[in-house]
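> Now for the letters of each chain:
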Amino acid sequence: GPKVLQIPSHQIIDMGQMVTLNCDPVSNHLYFYWYKQILGQQMEFLVNFYNGKVMEKSKLFKDQFSVERPDGSYFTLKIQPTALEDSAVYFCASSLQGISNERLFFGHGTKLSVL
Amino acid sequence: AQRVTQVQPTGSSQWGEEVTLDCSYETSEYFYRIFWYRQLFSGEMVFLIYQPSFDTQNQRSGRYSVVFQKSFKSISLVISASQPEDSGTYFCALSELGGYKLTFGTGTSLLVDP
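First to last, the sequence lines map onto chains A and B.
First residue of the first sequence: 1, per the numbering used here; consecutive thereafter.
First residue of the second sequence: 1, per the numbering used here; consecutive thereafter.
In case anyone wonders, no lab produced these hints; they're calculated from the structure.
Certain hints may be false.
As the list claims (entries may be wrong) - Calculated cross-link-like contacts (lysine-lysine; reagent style DSSO-like; alpha-carbon spacing at most 30 Å):
#, chain 1, residue 1, chain 2, residue 2
1, B, Lys-70, A, Lys-57
2, A, Lys-53, A, Lys-78
3, A, Lys-59, B, Lys-73
Using the sequences and the hints, build the whole thing.
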């Protein structure tokens, strides 16, 4: 079936540095999402992105976070600067329509370790 | 406010048994959907089934079905003829009509013994 690819699978970074997580969504999908999962806990919504704009974001989407998808390339999550509490697995997802209408396709996740 | 609760942190069954995983939720919206996903040990999230709030009929998809009790804001996932490959963590998630996010429960980790 359709696949969402995330690069890299694991990123280790020093606190205060910048990190960019990359996502290659399903090719014809229009809505893109980032979720955060701390080990052993549930997945929590960060942000939804459509037509070049953030449609909805949660309290977890701090000012240090930003998303973009320049010219149909990777959908990225940038954290600058990183903090220890940003350590988690970040999941990218995509859908053709908005979430209320259909399922999301998730990537395998990028494990971010902030030291 | 949206909230999803899964009170069973773990579950187990024997090969071939039917398994029921419970979920309750809170929403003030009339139109919403409840999704069930399974997270594999690799981390991948696999979609299983969803139930729209306006449909009184319990949804079925292969070996998966749900028992939807709208008045109690409760929904259970039923896995028939469970297999060891069904082992993993099962998440219930809520989306409200017009919204852009899924609110997940804390998950139930299922182990099916061979």
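> Each hint needs a verdict: does it hold in this structure or not?
Hints, one by one, checked against the model:
The straight-line distance between the Cα atoms of B:Lys-70 and A:Lys-57 is roughly 28 Å, inside the 30 Å bound, and the hint therefore holds. Note on A:Lys-53 and A:Lys-78: the hinted pairing holds, with a Cα-Cα distance of about 15 Å set against a maximum of 30 Å. Distance check on the hinted pair: A:Lys-59 and B:Lys-73 sit about 26 Å apart at the alpha-carbon level, within 30 Å; holds.
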